[in-house]
Amino acid sequence: MNRSTIDIWVGIFVAAGIAAVIFLALRVSSPSSFTSDDGISVIARFDNIGGLKLNAPVKSSGVVVGRVADIRFDPKRYQAEVTILLFKGIDFSKDSSADILTAGLLGEQYVGLETGGDEAMLKNGDTISITSSALVLEQLISKFMLDKAAETKASQ
Amino acid sequence: MNFFAWLGRITLRSLARLGFAARFMGFLLTQSGTSFRRFHLTIREMYFTGVMSLVIIGVSALFVGMVLGLQMYEVLKRFGSGDGVGTVVALSLLRELGPVLAALLFASRAGSAITAEIGLMKATEQLRAMEMMAVEPVARVVAPRFWAGVFSMPLLAALFNVVGIFGGYLIAVPLIGIDNGIFWGQMQANVDFHYDLVNGGIKSLVFGIAVSLIAVFEGYDAQPTAEGVSAATTRTVVTSSVVILMLDFVLTALMFQGN
Amino acid sequence: MTSSAPLLELDHVCFSYGKLALLQDISLHVKRGQIAALMGGSGSGKTTLLRLIGGQLKPQSGDIRFRGKSTLGQSHADQYAMRKQMGMLFQFGALFTDLNVFDNIAFPLREHFQLPEHMVKDLVLMKLHAVGLRGAARMMPHELSGGMARRVALARAIALDPLLMLYDEPFTGLDPISLSIIANLIKELNDALGTGSILVTHNIPESLKIVDYVYFMSAGKLVAEGTPADISNSSDAFVHQFVHAEPDGPVPFHIAANDYSSDLGLGAKQ
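Chains as they are written, first to last, in numbering that gives the first Met the number 0: chain A, 0 to 155; chain B, 0 to 258; chain C, 0 to 269.
Extracted from the complex, chain A is given alone in its bound form (with noise of 0.2 Å):
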């Protein structure tokens, strides 16, 4: 096999591979690496955060404005203590509101944020205080029991 031939071979093989990977790079998957650098950080605290996992998105309105960065137990408050990531460019109010919501039925977890009336918006570090838990199935279906069998007695 003449060299120039095998050299040209090589070389459609080698770019066909490179292509490849930028193909998977650019139309298939999506950069998930962004920095503090690229937005602001902000804590919320919540008593139950059902399965919310690092990296979930934050949505307000139901488009993605930052994800979850680090989740912890705060051992004084004994609440989860969720550092939220939010995109550059995106201001929130000081009173913004932090839900952790269910995509669909049995869907993943992510942190719902409703911006309120403030003038002064969240800064880097600052802490969002109205928040609400995750609705837990078992609760909910305990309650739902109780509720029932009140309902039950009193038409009784």
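You may find that some hints are simply not true.
[Claimed, not checked] One-sided and incomplete, this derived list gives chain B residues near chain A with beta-carbon spacing under 7 Å:
#, residue
1, 45
2, 50
3, 157
[Stated by the list, open to error] Pulled from the structure, derived: some chain C residues nowhere near chain B, Cβ distances all over 10 Å:
#, residue
4, 10
5, 16
6, 30
7, 60
8, 115
9, 116
10, 121
11, 211
12, 261
These aren't lab readings, by the way, just hints derived from the structure by calculation.
Ideal Cβ placement from N, Cα and C applies to all residues, glycine included.
The hints should help you fit chains B and C onto chain A, whose structure is shown.
Below, chains B and C alone, put in the same frame as chain A:
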């Protein structure tokens, strides 16, 4: 009683071989200068390991992708999320099937050929002839084949992924009728560059090193007879396959733990 | 270096592989312009001896000197420098099967020197001409007959103009014509290049015609030596058996075994 003696002997022999393989790897690395100084030696081997594997990689990937498309759609439809078929196909390929299947195919296509070639060169005294011409066979014959394998494997895995995703696309969009935009959009929204793509790439690189090393080692260590070479070729495929699957478990556990 | 000083000297060399003693107390020497034959039955350790000379194996005791310098304990680089001055013809040629005849012979030249391609071509064609195969330059090794392959391998072995030629059973598997061609080439090349040669063989009649000195080996030991004339007229029982190809003699027809009749179960039951 006999069984334990046998077990002990097997263990000792395997350990000795592992030690020899490690020493061989060290020697191979010290003799790798030639593979880069005279890069056309490595390019030539990339033709035989990489280019010649393209057809089997492409055809297999296309069918794997199509099967994934059909199966995954079948399952996802039950949960009312048939639109996510692109995501599932891409994730299975990028994280697992791409690197693993490409490496398994590479081991049986290129790895066995490398072992047979080096083993036959040993059996026909070509390696000794080279030594007597003051040319180190590990530098001239073994190292270029090793590096060609290491370079080819990630490229082959990337091509496997792309062709596989295209196979999934063929099933999802023209056949099942999922919207083209939704197929790609869902995929892109849920596949992470670092977490899925880079980790998959690291896997294929590790597999490439493992398979190439096993292939050249078995060839170099083969008994210089017809039976010896055929046994070594078989060992390359068997050992590579087991090592790929074991390494895959270890790497998956390291990379995708937690969240 | 004077011409009388030996090119290669083996001094009481012993080599064993594990517990198996392959060579015991071998001493021999070759001068420039001389062809020494190393004869002996199969498995008498001749090929091992060649590997010791090439430095591919190390003896347990004794010394090997090439051009007056010991080859033992030399560095990897020194060993490779020494091998450039040695040429070896392997039993079945050991041609590189993925290269054609021309590239096979050009291989050592291209590996060791950065020569312009036209010089490589001239050198290769000269070597090919010396073995009479200039016309086969573009053929692949599998297209060659056994005799032609051996001649190509010979051309490759002399590509670096070695001082010492090692021949490992060069006559094996050749027809009578090819055999005498190879034998003549060995003699001619030795005279023309002024090399020393060691010829490992068990082809007595052909090699006695061309060699200057003969060493006889049996079971890893030197048992006889002398000029071809001495050997032909030797009264030594072993040499006599070997030279005249007698089936039985000091080298027995039967491998050591138990008593025949008892193996067959015919012995008196004790």
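Hints and how they fare:
Because the smallest distance between the Cβ of residue 45 of chain B and any Cβ of chain A comes to about 5 Å, under 7 Å, the interface hint for this residue holds. Against a cut-off of 7 Å between C-beta atoms, the interface hint on residue 50 of chain B holds, since the closest Cβ of chain A lies about 5 Å away. Because the closest C-beta pair between residue 157 of chain B and chain A is about 4 Å apart, less than 7 Å, the hint holds. The Cβ of residue 10 of chain C sits about 22 Å from the closest Cβ of chain B, beyond the 10 Å cut-off, so the non-interface label holds.
Residue 16 of chain C, annotated as away from the interface, keeps every beta carbon of chain B farther than 10 Å; the closest lies near 15 Å. A cut-off of 10 Å between C-beta atoms confirms that residue 30 of chain C is not in contact with chain B; the least separation is 21 Å. No beta-carbon of chain B is positioned within 10 Å of the beta-carbon of residue 60 of chain C; the least distance is around 24 Å. With a least beta-carbon separation of about 17 Å from chain B, residue 115 of chain C lies farther than 10 Å from that chain, consistent with its non-interface assignment.
For residue 116 of chain C, the shortest C-beta to C-beta distance to chain B comes to about 14 Å, beyond the 10 Å cut-off, and the non-interface label holds. With a minimum CB-CB distance of about 20 Å to chain B, residue 121 of chain C clears the 10 Å threshold, and the non-interface call stands. Every C-beta of chain B lies more than 10 Å from that of residue 211 of chain C, the closest at about 23 Å, which supports listing it as non-interface. Every beta carbon of chain B lies more than 10 Å from that of residue 261 of chain C, the smallest distance being close to 31 Å; the non-interface claim holds.
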